[in-house]
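K.L.:
The listed protein sequences correspond, in order, to chains F and R. For the first sequence, our numbering gives the first residue as 1, with consecutive numbering after it. For the second sequence, our numbering gives the first residue as 1, with consecutive numbering after it.
Honestly, the hints are just simulated from the structure, not real lab data. The beta-carbon is built from N, C-alpha and C at its ideal position, and this holds for glycine as well. A hint or two may mislead.
Taking lysine-lysine pairs in the DSSO-like style, the calculated list, with each CA pair at most 30 Å apart, reads [what the hints assert, rightly or not]:
hint : chain 1 : residue 1 : chain 2 : residue 2
1    : F       : 55        : R       : 251
2    : R       : 251       : R       : 175
3    : R       : 176       : F       : 55
4    : R       : 169       : F       : 55
5    : R       : 99        : R       : 234
6    : R       : 99        : R       : 169
7    : F       : 55        : R       : 175
8    : R       : 269       : R       : 145
9    : R       : 118       : R       : 176
10   : R       : 97        : R       : 169
11   : R       : 118       : R       : 145
12   : R       : 122       : F       : 55
13   : R       : 176       : R       : 269
14   : R       : 169       : R       : 122
15   : R       : 176       : R       : 145
So the derived label-pair ranges between C-beta atoms look like this [said to hold, decoys possible]:
hint : chain 1 : residue 1 : chain 2 : residue 2 : range
16   : F       : 135       : R       : 249       : 28 to 38 Å
17   : F       : 23        : R       : 264       : 51 to 61 Å
18   : R       : 288       : F       : 135       : 19 to 29 Å
19   : F       : 147       : R       : 280       : 24 to 34 Å
20   : F       : 67        : R       : 89        : 43 to 53 Å
21   : R       : 230       : F       : 130       : 20 to 30 Å
22   : R       : 194       : F       : 114       : 32 to 42 Å
23   : R       : 64        : F       : 39        : 26 to 36 Å
24   : F       : 67        : R       : 284       : 50 to 60 Å
25   : R       : 280       : F       : 113       : 54 to 64 Å
26   : F       : 39        : R       : 80        : 49 to 59 Å
27   : R       : 190       : F       : 114       : 36 to 46 Å
28   : R       : 148       : F       : 64        : 47 to 57 Å
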Amino acid sequence: MADLERSLAGTSFCEGMQPFHISLLARGAGERAFQAGQFVFHEGDEANSLYILLKGHVSLEVSTPARGAIVFQTIGAGDALGLSWLFPPFRWHFDARAIEPTQTIVLDAGRLRAQIEEDHDFGYELLIRIASVMVTRLQATRLQMTDMYGAGDS
Amino acid sequence: MEPGIPKHNMMEALYNPMVPRPYLVSRTRRELRDTLTLFLEPADHQQPFRNAPGQFNMLYIFGVGEVPVSISGDAERTNTLVHTVRAVGAVTEAMCKLKRGDLVGVRGPFGSQWHAEKVTGKDLVIVAGGIGLAPLRPVLYQVQKHRSEYGQVFLLYGARSPEELLYRKEVEQWKKRFDMNVEVTVDRASTDWQGHVGVVTTLISQARFDPVNTTAMLCGPEVMMRFAVMELQKRGVGAENIFVSMERNMKCAIGFCGRCQFGPTFICKDGPILCYDRISNWFGTREV
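Bound conformation, chain F alone:
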């Protein structure tokens, strides 16, 4: 547990979090490694985990019949992976695949949801970080949508 807490505390996701809250986060957590090419989760599967990447990169992909799999974002060390566990229907919306050997800390989503309800201070600390991840990714997506490298823009 102490090793996990130390690993969590060293991630940018947990930066500034109280040790007590990191201990709560680490309850029921474990480490999991993925080989290059291995899927972390598949679209439609039950979203039962929050992953914090310690090392490596994971691509978020959506598959289309005409164009095959399209990578729309990669996530690296320190980042949180998987936000669909927070909202019903608790299903992954995309595929996630390790593009190189990747180490993660896996947090149990059911336990996290219960802990958020039970301890609102902890819930605030966790959700403000999730919100930050969401806003950052929303802003990045908006920029991607502008197709800013198109002719006449660069």
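With chain F fixed as given, assemble chain R onto it according to the hints.
P.N.:
Leaving out everything else, chain R in the frame of chain F:
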């Protein structure tokens, strides 16, 4: 000729910045579907073409028109001018059809420079987007030649897709260097691509530089630079240490016509390289 003054200096003194000098296309290199690199050599003289990283020339296709194009070659190689051009309008489309032996008019060099030599001892964060890598390539050459004089050096480069990465082979070579941190990201990719996917600004948060001892140099779409500035400032890089390459519709290139006015500055004369603290009030203002 006055005694003691080298011939080329006399020629430069007599040079009229409004009159294009003839240059011959010595070779071309297709970079991307719509992007060509031109290698130009003087047609009627042998004077070295002195320029500095960040500066631009006005390139004239006779009978078609004239456009500003950043110099993208090594500033120390003064015998050949290198320009990378993307076909986005009538003149640049004609430029992208040039071939060896064709004639081009050149006025320049004009504008301000990156001045990497003034920030030795500091970390350098070079953020490029799309064809914005072209005006930054001369400063990368400069920094590589004097690599020991700088701290950490980062090149953070974003493009639309892996197929649209400019100078791809060169970027791959830079990435292999042990003394430079090169990260490349694209907006979208197939699963064959093993690199980053996402906007270039996301690379800034992952780069391990010392924000209080960093100079950042940015070139790319203005919207990209705006978000990159925000990310750099969030990391603690001061406005006085952020330099951007601005682009406006330039015509005379010497501050006479006013076509490229940007707030109180003329991009052709005061820019294109401008310190962010000088233009922060205008940057992102839609009406300017």
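K.L.:
Look at each hint and say if it fits the structure.
P.N.:
Hints and how they fare:
no.: 1; hint: 55/F - 251/R; verdict: 50 Å, violated
no.: 2; hint: 251/R - 175/R; verdict: 37 Å, violated
no.: 3; hint: 176/R - 55/F; verdict: 20 Å, holds
no.: 4; hint: 169/R - 55/F; verdict: 27 Å, holds
no.: 5; hint: 99/R - 234/R; verdict: 46 Å, violated
no.: 6; hint: 99/R - 169/R; verdict: 22 Å, holds
no.: 7; hint: 55/F - 175/R; verdict: 20 Å, holds
no.: 8; hint: 269/R - 145/R; verdict: 28 Å, holds
no.: 9; hint: 118/R - 176/R; verdict: 27 Å, holds
no.: 10; hint: 97/R - 169/R; verdict: 23 Å, holds
no.: 11; hint: 118/R - 145/R; verdict: 15 Å, holds
no.: 12; hint: 122/R - 55/F; verdict: 28 Å, holds
no.: 13; hint: 176/R - 269/R; verdict: 37 Å, violated
no.: 14; hint: 169/R - 122/R; verdict: 27 Å, holds
no.: 15; hint: 176/R - 145/R; verdict: 16 Å, holds
no.: 16; hint: 135/F - 249/R: 28 to 38 Å; verdict: 35 Å, holds
no.: 17; hint: 23/F - 264/R: 51 to 61 Å; verdict: 56 Å, holds
no.: 18; hint: 288/R - 135/F: 19 to 29 Å; verdict: 28 Å, holds
no.: 19; hint: 147/F - 280/R: 24 to 34 Å; verdict: 26 Å, holds
no.: 20; hint: 67/F - 89/R: 43 to 53 Å; verdict: 30 Å, violated
no.: 21; hint: 230/R - 130/F: 20 to 30 Å; verdict: 21 Å, holds
no.: 22; hint: 194/R - 114/F: 32 to 42 Å; verdict: 38 Å, holds
no.: 23; hint: 64/R - 39/F: 26 to 36 Å; verdict: 53 Å, violated
no.: 24; hint: 67/F - 284/R: 50 to 60 Å; verdict: 34 Å, violated
no.: 25; hint: 280/R - 113/F: 54 to 64 Å; verdict: 43 Å, violated
no.: 26; hint: 39/F - 80/R: 49 to 59 Å; verdict: 50 Å, holds
no.: 27; hint: 190/R - 114/F: 36 to 46 Å; verdict: 40 Å, holds
no.: 28; hint: 148/R - 64/F: 47 to 57 Å; verdict: 49 Å, holds
Figure legend: structure checked against the earlier numbered hints; hints not met, in rising order: 1, 2, 5, 13, 20, 23, 24 and 25.
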